[in-house]
Amino acid sequence: MKKVTFNRSTIATAVSTAILLSVPSAAYAEEAQASATEDKKIERIQVTATHRSVSQEELPFNISSVQGEEIEGLAIVDNAELLRNVAGITVVDRGQRNGGTTNSMIIRGLNVESGTPDDVGESTVPTVSTYVDSTPIFANFLLKDIERVEILRGPQGTLYGSGSLGGTVRYIMNKPDADLTEGSFKLDLSQTDGSDGQNLGFDAMYNMPVGETSALRFVMSHVDQDGIIDAPNLYQLDDNGIPLVKDDAGNCKSVSDGSLTSQQVTFNGACYESKDDIDSVEMTYFKVAFATELTDDINLLITHHIQSDEVGGRRAVTNGADYYGNEYGEYENGLTALEPSERDVSLTSLEIEADLGFATLTSSSSVYDHDGSGWRDNTSLWVTDRTGGAGFTNWFDILYTGNPRPLAHVEAGFEDEAIIQEFRLVSNTDESDSIDWIVGAYYMDQERTTTNFSHLRGLEEYGFACIDVGASCASDGSWWAGVDAINDMDFSYIRKETFEDMALYGELTYKFSKQFRVTAGVRWFDNELTNETSTFFAFLQPEDIPFVEYPTQSEDDILMKLNISYDISDQTMLYATYSEGFRRGGSNAIPDSGPFAEYRPETVSLYEKDTVENYEIGIKGYTDNITYSADIFMVDWDQPQLNTSTAWWAFFMAQNGESAESSGVELEMNAQLSSSLNLNIGYAFVESELSDDLIAPQYENVIAESGARLPGVAEHTFSMSLKHMTNLTDEVEMVSRISGYYQSDSVNSVVESSSIYDEFDGFTIFNASVTFVMDNWATSLYMKNISNEEGVTASYPDSYLSTDTGVFENYYGNNQRDYIARPRTIGATLSYQF
140 MKKVTFNRST IATAVSTAIL LSVPSAAYAE EAQASATEDK KIERIQVTAT HRSVSQEELP
200 FNISSVQGEE IEGLAIVDNA ELLRNVAGIT VVDRGQRNGG TTNSMIIRGL NVESGTPDDV
260 GESTVPTVST YVDSTPIFAN FLLKDIERVE ILRGPQGTLY GSGSLGGTVR YIMNKPDADL
320 TEGSFKLDLS QTDGSDGQNL GFDAMYNMPV GETSALRFVM SHVDQDGIID APNLYQLDDN
380 GIPLVKDDAG NCKSVSDGSL TSQQVTFNGA CYESKDDIDS VEMTYFKVAF ATELTDDINL
440 LITHHIQSDE VGGRRAVTNG ADYYGNEYGE YENGLTALEP SERDVSLTSL EIEADLGFAT
500 LTSSSSVYDH DGSGWRDNTS LWVTDRTGGA GFTNWFDILY TGNPRPLAHV EAGFEDEAII
560 QEFRLVSNTD ESDSIDWIVG AYYMDQERTT TNFSHLRGLE EYGFACIDVG ASCASDGSWW
620 AGVDAINDMD FSYIRKETFE DMALYGELTY KFSKQFRVTA GVRWFDNELT NETSTFFAFL
680 QPEDIPFVEY PTQSEDDILM KLNISYDISD QTMLYATYSE GFRRGGSNAI PDSGPFAEYR
740 PETVSLYEKD TVENYEIGIK GYTDNITYSA DIFMVDWDQP QLNTSTAWWA FFMAQNGESA
800 ESSGVELEMN AQLSSSLNLN IGYAFVESEL SDDLIAPQYE NVIAESGARL PGVAEHTFSM
860 SLKHMTNLTD EVEMVSRISG YYQSDSVNSV VESSSIYDEF DGFTIFNASV TFVMDNWATS
920 LYMKNISNEE GVTASYPDSY LSTDTGVFEN YYGNNQRDYI ARPRTIGATL SYQF
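All residue numbers for the sequence shown refer to the working numbering, where the first residue is 140 and numbers rise by one.
The hints are simulated quantities; they were obtained by calculation from the structure and are not laboratory data. Just to be clear, a hint being listed does not mean it is correct.
With a straight-line cut-off of 30 Å between C-alpha atoms, the simulated DSS-like cross-links for lysine-lysine are [claimed, not checked]:
1. Lys180 to Lys653
2. Lys392 to Lys414
3. Lys314 to Lys180
Produce the complete structure using the sequences and hints provided.
Right, dumping it as structure tokens:
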């Protein structure tokens with residue numbers, strides 16, 4: 140089949156020309172200036188963050204929203220792209236390989252995690268909670284058929300519970316409509332700089348009434364992105380994942396085919412190959428929703444989402460040179476084994492809403508199942524000089540002496556399933572009522588399983604060959620003496636957790652006058668987490684390993700909120716807020732006996748919840764053509780949780796610090812400059828740091844000093860978007876969009892002396908699109924990351940994953956990596972609506 144390719148200069152010229160055409164001419168500017176004020180009135184956005192539909196400007200706290208129309212218009216498909224349209228939020232962007240399973244959103248600087256965690260297995264939950272409609276889940280569904288995304292800044296503990304330390308992000312989906320028969324499809328074809336192939340996307344939606352009061356809505360979306368990362372030094376592997384061996388004539392042979400001698404298996408090097416575009420992404424999403432009016436006062440909505448992802452590898456590049464001294468290219472990675480991953484997620488929710496007259500009662504029931512697995516190339520970790528960390532140099536050389544083809548491959552898996560039930564009773568009030576209130580009850584039953592199986596591929600064959608060779612083997616065969624059944628699994632880790640959470644909450648607003656209001660909120664919670672974990676080293680299969688029950692973590696507490704707001708005019712509001720948030724604690728699976736026993740394990744067997752106190756003062760309002768908000772905030776963070784590992788670098792662990800603090804300013808404005816030109820801008824300054832020394836509890840030594848900068852946080856962020864609409868003819872409308880995002884520099888770790896510490900430059904990303912609409916058809920051209928910025932926000936530095944080739948002269952890999960933003964992407968879409 141003939142390969143389809145884009146002429147990039149042609150597409151770039153078309154996009155640029157269309158954007159220039161859409162910029163208002165002088166004549167148009169005069170016409171716009173002369174147009175009546177009512178033609179420029181700005182659209183007031185309705186949000187439901189407080190479980191009532193109110194305009195965004197009427198809520199007395201900082202909230203932003205991105206409308207589904209803008210998400211589609213800018214061809215946004217993931218959270219990193221989405222949240223770059225909102226100032227004050229940073230995302231540690233590690234691509235879809237990790238973005239599908241790891242919530243890396245940072246709001247108001249509340250983060251102590253380094254940029255290195257890249258596989259599910261962390262102990263703590265994120266500092267930002269995410270909801271799909273009413274379900275608390277981080278599923279990272281494709282951003283399709285979305286009504287809007289609401290971003291609530293600051294702790295939302297009273298209404299949204301655990302994990303909402305920094306804020307909450309809500310994905311509000313489009314609902315079935317019994318009054319409409321409608322549908323759409325869309326094709327998307329694009330190319331990304333560095334890729335040899337193209338990206339293909341397809342979306343379809345159909346809304347179908349069923350009777351007079353019911354409707355079904357079907358959505359299907361598929362994204363197939365070609366990779367951009369090349370791997371020049373991959374091991375050639377046989378069908379069992381074992382490196383091929385060069386025989387004495389230089390031919391590549393499998394260790395299992397019987398053609399190699401024990402001498403060759405023991406001493407000969409591996410065969411290598413190169414592969415391009417290894418980080419391909421394929422995602423398929425389905426949604427079906429059914430809505431009906433059971434009676435005039437009772438509505439029912441049931442929604443089912445499923446998504447399946449297959450990712451070829453990480454969107455990360457390696458700096459420096461390979462074993463031969465060849466500098467790595469612009470989009471090259473030095474890994475020696477591929478790192479594919481896959482995941483599946485399903486979510487089913489049932490929402491019943493009943494109007495009781497004085498209040499509306501809502502029952503929200505959800506069940507979800509989220510599981511996946513992925514391979515991780517850990518070889519550089521094993522052949523790296525780590526005397527600065529664990530006290531070992533070259534684990535391969537010490538434990539598995541002489542293996543000329545080191546390959547450590549970790550199979551990491553996870554499964555997360557939960558049942559969630561929430562009841563809410565929201566008062567039905569109007570402007571004349573002096574009291575608004577909401578009360579609710581929440582229950583969650585969650586089970587999580589995390590697995591890590593480390594395989595030293597080819598070790599079994601090397602071990603038996605070493606026994607056969609005897610004294611000439613580097614280890615004399617003594618390591619293998621008396622071993623009846625050698626296999627390649629050197630370490631296994633299986634953690635099973637259950638989490639049960641119950642809560643009662645409520646908020647009450649009393650209107651002392653039409654201008655002056657006070658809101659008080661409270662949430663009582665009681666949760667319990669259990670942990671049983673199985674760990675073992677050196678060649679036992681998982682079924683042979685017993686589970687150990689670790690201490691149960693139980694917590695209950697009360698969270699408070701107080702908000703005061705005053706209307707200094709009909710269109711301007713002042714407000715002040717005190718709010719609290721928390722994140723549940725847990726237990727660590729730390730060995731207390733055996734060769735890998737942790738020193739003073741009782742000091743790290745549990746980690747406690749962390750809490751924040753938020754103080755905020757703001758102003759927000761609107762005129763006929765402008766909406767705006769501005770606030771200053773200060774957050775005190777008590778006992779911040781930090782994911783780390785034991786002294787042996789083998790076991791997941793979380794610990795509490797003493798305290799941290801964050802403060803800053805947030806500004807946002809949306810302006811309708813004319814009847815056809817809209818401008819949205821935002822800026823935030825955030826300063827976040829430890830306010831006490833961070834101490835390792837086992838050894839009581841300081842690992843980060845007070846004043847250390849919190850990782851992943853940019854002090855300055857700025858976002859803007861400009862949208863222009865014009866009629867080219869009576870039948871053709873053109874909509875043009877330009878957006879930009881800037882963030883200043885950031886760091887990779889709170890511990891400056893750590894081997895994973897790194898510093899990242901600030902960067903700016905611009906996107907643009909132009910859409911032509913005629914009747915039911917629309918076509919668009921777009922360009923993302925126009926200046927092709929790297930946009931590095933996370934890394935595994937050379938100091939952590941460098942390679943000591945002086946010891947392993949047959950190993951050519953290098954696992955140092957910088958995670959980059961998606962490079963320049965140029966594309967076109969064609970859509971039809973009916």
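To see whether the hints hold, each was checked on the structure:
{"no.": "1", "hint": "Lys180 to Lys653", "in the structure": "holds, 25 Å"}
{"no.": "2", "hint": "Lys392 to Lys414", "in the structure": "holds, 20 Å"}
{"no.": "3", "hint": "Lys314 to Lys180", "in the structure": "holds, 27 Å"}
In the structure shown, no violation is registered for any of the earlier numbered hints.
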